[in-house]
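Work from the hints to combine the two standalone chains into their complex.
Residue numbers (this note's numbering), protein chains in the order written: chain E, 1 to 284; chain D, 1001 to 1352.
Treat the hints with care, as some may be off.
As the list claims (entries may be wrong) - Here are the computed lysine-lysine pairs in the DSS-like style, where the Cα-Cα straight-line distance is at most 25 angstroms: (1) D:Lys1103 to D:Lys1121; (2) D:Lys1169 to D:Lys1134; (3) E:Lys176 to E:Lys112; (4) D:Lys1132 to E:Lys272; (5) D:Lys1109 to D:Lys1121; (6) D:Lys1132 to E:Lys176; (7) D:Lys1169 to D:Lys1121; (8) E:Lys272 to D:Lys1134; (9) D:Lys1121 to D:Lys1134; (10) D:Lys1132 to D:Lys1121; (11) D:Lys1103 to E:Lys176; (12) D:Lys1134 to E:Lys176; (13) D:Lys1103 to D:Lys1132; (14) E:Lys112 to E:Lys124; (15) D:Lys1134 to D:Lys1103.
Everything labelled a hint here was simulated from the structure, so no lab data went into it.
The residues making up each chain are set out below.
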Amino acid sequence: MSTERSQIVGQSRRSTIILGLAAWIAALLVFFPIFWMVLNGFKEEIDANSSPKLIFDPTSDRYTEVTTQTEGLLGFQEAFTNSFVIVAISTLLVLIMAIPAAYSLSIRPIAKWRDVLFFFISTKFLPIVAAILPLYIIGTRYGLTNSRIGLVILYTAMNLPLAVWMLRSFFSEVPKELVEAAQIDGAGIRGQITSVILPIVAPGIAATALLCVIFAWNEFFLAVQLNSVDGSTVPIWVSSNVSTRGNFLAKLSAASTLATLPVVIAGWAAQKRMIRGLAMGAIK
Amino acid sequence: MADVTYDGATRIYPGTEIAAVDSLDLDIADGEFLVLVGPSGSGKSTALRMLAGLEFIDGGSVSIGGRDVTLTPPQDRDIAMVFQNYALYPNMTVAANMGFALKQRGIEKEERARRVREAAKVLDLEEYLDRKPKNLSGGQRQRVAMGRAIVREPQVFLMDEPLSNLDAKLRVQTRTELAELQARLGVTTVYVTHDQVEAMTMGHRVAVLRDGKLQQVARPRDLYSTPANRFVAGFIGSPAMNLIDVDPGNGPLQLGTAPITGAPASGTAVGTVGVRPEHLRLGSTGINGRVTVIEELGSQAFVHVAIEHEGRDEVLVVRDEGETDIQRNDNVQVGILGPCHLFGTDGERIDQ
Ligand SMILES: Nc1ncnc2c1ncn2[C@@H]1O[C@H](COP(=O)(O)OP(=O)(O)OP(=O)(O)O)[C@@H](O)[C@H]1O
Ligand SMILES: [Mg+2]
Chain E
1 MSTERSQIVG QSRRSTIILG LAAWIAALLV FFPIFWMVLN GFKEEIDANS
51 SPKLIFDPTS DRYTEVTTQT EGLLGFQEAF TNSFVIVAIS TLLVLIMAIP
101 AAYSLSIRPI AKWRDVLFFF ISTKFLPIVA AILPLYIIGT RYGLTNSRIG
151 LVILYTAMNL PLAVWMLRSF FSEVPKELVE AAQIDGAGIR GQITSVILPI
201 VAPGIAATAL LCVIFAWNEF FLAVQLNSVD GSTVPIWVSS NVSTRGNFLA
251 KLSAASTLAT LPVVIAGWAA QKRMIRGLAM GAIK
Chain D
1001 MADVTYDGAT RIYPGTEIAA VDSLDLDIAD GEFLVLVGPS GSGKSTALRM
1051 LAGLEFIDGG SVSIGGRDVT LTPPQDRDIA MVFQNYALYP NMTVAANMGF
1101 ALKQRGIEKE ERARRVREAA KVLDLEEYLD RKPKNLSGGQ RQRVAMGRAI
1151 VREPQVFLMD EPLSNLDAKL RVQTRTELAE LQARLGVTTV YVTHDQVEAM
1201 TMGHRVAVLR DGKLQQVARP RDLYSTPANR FVAGFIGSPA MNLIDVDPGN
1251 GPLQLGTAPI TGAPASGTAV GTVGVRPEHL RLGSTGINGR VTVIEELGSQ
1301 AFVHVAIEHE GRDEVLVVRD EGETDIQRND NVQVGILGPC HLFGTDGERI
1351 DQ
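Only chain D is shown next, with the shape it has when bound in the complex (with noise of 0.2 angstroms):
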């Protein structure tokens, strides 16, 4: 078990010009599950294969354990990864396949048999050992692929959206045995999802990507609650946050008719006014607006509703109860409840 370091690392694919990680800086202490989770493209698995050992590091250093792994190959750098694909060994039983890392060793036969059969008990595999990944069914051949990552008692576990090719009640249930199973081994783990929700629930740590730079690195509910620029606050939480752009130097802060209290000290233009969904509430104050689409979830409902701001049209997605008797192009008033966030016109937030 050991501790993970990015220092500037930076990857710059060859015939690009553009670095698919750009200067990561990242510390992720021994025992951690980090999630790594950003937009398609936001260069995740890059980070993630960087630290592997099948990207270059065009810049920067990367370390396991203290100890600068930049320039070793991925043989020699203690780490298990589970892929996207699992990218089990075909001609292999199960078997063999969670024993392959072991057999490279030069670990005896027998000491294979006895782990490899301790990893299948904990993760319910033992039938299936004779068996060729092929005949396996989804599940299954993912909870092999994870099989053949414990089996190691690596350095770091890295997996790159492992969950991403089971069907959604899977999911939500392998979602939780992977917390769990990770807390029970407490090794080190680099988790890489465009899921926010995979992120935030699994995480201990969130590190949100985008475009190769790291835009904040933060606990799932300190992400959540003081998301540190307008993109991040955008991508945590669903549905998303309101970000309504706000006109800079126009008299006092408001959104539609409503008045922004907390705003900053004077001199420090606000570009957009973000509030979440269940900071809104439909009452008989507010700012005026008409309903356009309600999405009734049961316990809860979303209720679209477009109001005017500063002359233009604006859409703010309120939360509220479920089974409403709301409809659509009802007029209502849109109260705030809770704390705004403010974005400079650069985008960054702005401390209140």
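In isolation and in its complexed conformation, chain E is listed as follows (with noise of 0.2 angstroms):
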């Protein structure tokens, strides 16, 4: 027995071989660009538009010169602070939303429950700029633009339909018989949710919170309508350092690369938590 372990019977090594390089490249190919991006951030302008130098005198000067505050202009820490404020509570607003719709969608589901499945994910047929106008004079009417709570309103209606979903076919999976265990063990609705529902769909929440945190964070069209003086997120930061007077690419690099950081730390603890929870797994 001279064939490695991990290797499934049967499949040749240098298939095996082949299709490992085949992802690698897939994989780098989707990379690169960030890998780039993160490169031109520490360069100088000069560089960063000349022909692409994989050596360099690393700087960190663009980090300076997008993170120190213009008067007058969009600030990176009001942008950074406004986005983490929106994000968390349009997240948190969905989860406590969503929750109880998966359970009752699922777990134990309500009379046309399709219907009502079909009904979230219908909302996200409109595209968002056919509702862009509408949504600017109710906002304007009710003092949400430029604000705050205008976002973390639309946010979690624009994630809704999704957590709901996705929340649903985790619940799905919960084995039929846990519940009723827990039923019988004199358990209420919220005992069975917080006590055995929950930690068994933890990964699933964690997954379905991570892309709701990508979402929300990346968002750009709805809040360059309705907050482009005040509450302001980073993606309009970040396009704020576009500029047309000159080209400004490492600096642009340089803003997005802090933009990204927070989905890229947020993806990297979901990722714990799921793998955590899976592991938990094994019902019978």
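And the structure:
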């Protein structure tokens, strides 16, 4: 027995290597633009704009530039604070509403649950551009433009259907007997959800929350239309580094790298949670 | 502890026409071990789940300890259930699994720990209390599921095929342990199985279900000696009773060429004659036949004999001594030793 342990019986060594190589190439192709962006952020403008160089003298000047506050302009700190608050609150609201909704669409399905599910996703059929004018009018009337509250409401609404769908499919995988066992053991609906269902679907919740965070964090259209003056978020701050006067590729790269970091960290944290949850597994 | 009564209890699943459990009437005494048995799809689980409160009761009622619980949610029925796949909470340790119900009832932490330890001792689970279910063997998980039920000290135990995931040897061993435990605790128990050996060995009484309808409730030996109808006769006993259809009103009642004694008063049409393998004997007199199969079990052997009956071929299974020297294709005579069971054309038992 000289074959490797990890190798599937009957699969030749060569095809394993080729498949592995293909996976790496695909991954690198996807990753390359991000890698290039990070590199560019540490270059001088002149180097970033000239022919691509891998070897250069790294500098953190661009980061200092993009993070220093200029009077009257949207600052780094303000944008990040706005984004953090809006993303955190809207994601929290989404989960608070989506978890009970998912429960009633899967564990104890209400009548016509299919229709309800379709209704949820149908709200995503409308292109957001088509809704922007009414949104703007309603927003200005109730003083919700240029405020964090407005975006919190919109991002919650935007992510809710997706979260309900995702959570429903995770909830559906909870064995029916577990919920029944909890019921017989005397747990009410709240006890069933907090003690039995949530620990099992925790990885699913982490995945859902991560997606909500990513979508809300990167959302640009609504933010730029409704909150261009106050309550502006990170994507607007990044785009404010795009200048019509001259090419500032290195600076833009630095800003983009900063804007990406929180999502990467969130992803990393969620992944750890997801894997821990999955390892818990094993029902029978 | 309490008695349990099904009174015309009916369950019709939404979207289906036929009742999964059809007006079930059943009285289970306090402390009794009642086994629900029947083929797959006969409504055993449904009947149990109705008692648990997990199925809506479409007609009739169910009561526990004299209290009508037809509309009571499972939380408030004070019952414990062992599921076929055990349904242990994967995120909790064995101790937490067993203590969960106590915690829901707001019992103090020390008291909880004490009762969990006690139950763990009874079931030999003490060293596993801190493990998660996924790190246990099938047999250990089964015991945890039992433990979760017994710490509750409930009014009724409900068990749905709790041994079916164990291997044959462990199943037989656990069967005895479980019956012993039930006798010691004296808690009324309703136990579902499709295995008639389990039913016969464990139950104080056995209820046989078929297509949602109760066929017979009786002590195991009564079920065996006086089956109420053709179905019960064929279902209980291994190997099964020989059931041979006879043409009613065709002169004297015969099995092959052998006359059957104790025929009913004239006027009752007999549809089927049943005789158990141990009530037949291979000898020098009786029905002529040819051996087709020999199942040698060591202590005994079951010999399949092809006979001619009313002009068609039938097979009789005959119990013989173990280490028999009978060969396939031997010509033999089958004698009738013991009682024959007679069933009418409608399948109901005809008393002799
Ligand atoms: N949720 C359901 N919806 C519709 N019909 C159902 C449902 N559950 C069970 N049935 C039907 O009800 C009948 C009885 O089912 P039940 O599960 O009680 O059988 P069982 O005796 O426990 O069988 P088994 O030995 O296979 O577990 C079957 O015909 C089954 O198809
Ligand atoms: Mg069943």
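Now the hints, each set against the structure:
1. D:Lys1103 to D:Lys1121: holds (20 angstroms)
2. D:Lys1169 to D:Lys1134: Between Lys1169 of chain D and Lys1134 of chain D the Cα gap is close to 22 angstroms, so the pair holds against 25 angstroms.
3. E:Lys176 to E:Lys112: Given pair Lys176 of chain E, Lys112 of chain E holds - Cα atoms ~19 angstroms apart, limit 25 angstroms.
4. D:Lys1132 to E:Lys272: holds (20 angstroms)
5. D:Lys1109 to D:Lys1121: holds (18 angstroms)
6. D:Lys1132 to E:Lys176: holds (20 angstroms)
7. D:Lys1169 to D:Lys1121: holds (23 angstroms)
8. E:Lys272 to D:Lys1134: Distance of about 20 angstroms is within 25 angstroms: holds.
9. D:Lys1121 to D:Lys1134: Satisfied, since the Cα-Cα distance of roughly 21 angstroms is no more than 25 angstroms.
10. D:Lys1132 to D:Lys1121: OK: Lys1132 of chain D and Lys1121 of chain D at ~18 angstroms, within 25 angstroms.
11. D:Lys1103 to E:Lys176: Judged against 25 angstroms, a Cα distance of about 21 angstroms means the pair holds.
12. D:Lys1134 to E:Lys176: holds (18 angstroms)
13. D:Lys1103 to D:Lys1132: holds (18 angstroms)
14. E:Lys112 to E:Lys124: Cα-Cα ~20 angstroms, so holds.
15. D:Lys1134 to D:Lys1103: Roughly 22 angstroms separates the two Cα atoms, so the pair holds.
Checked against the numbered hints above, the structure breaks none of them.
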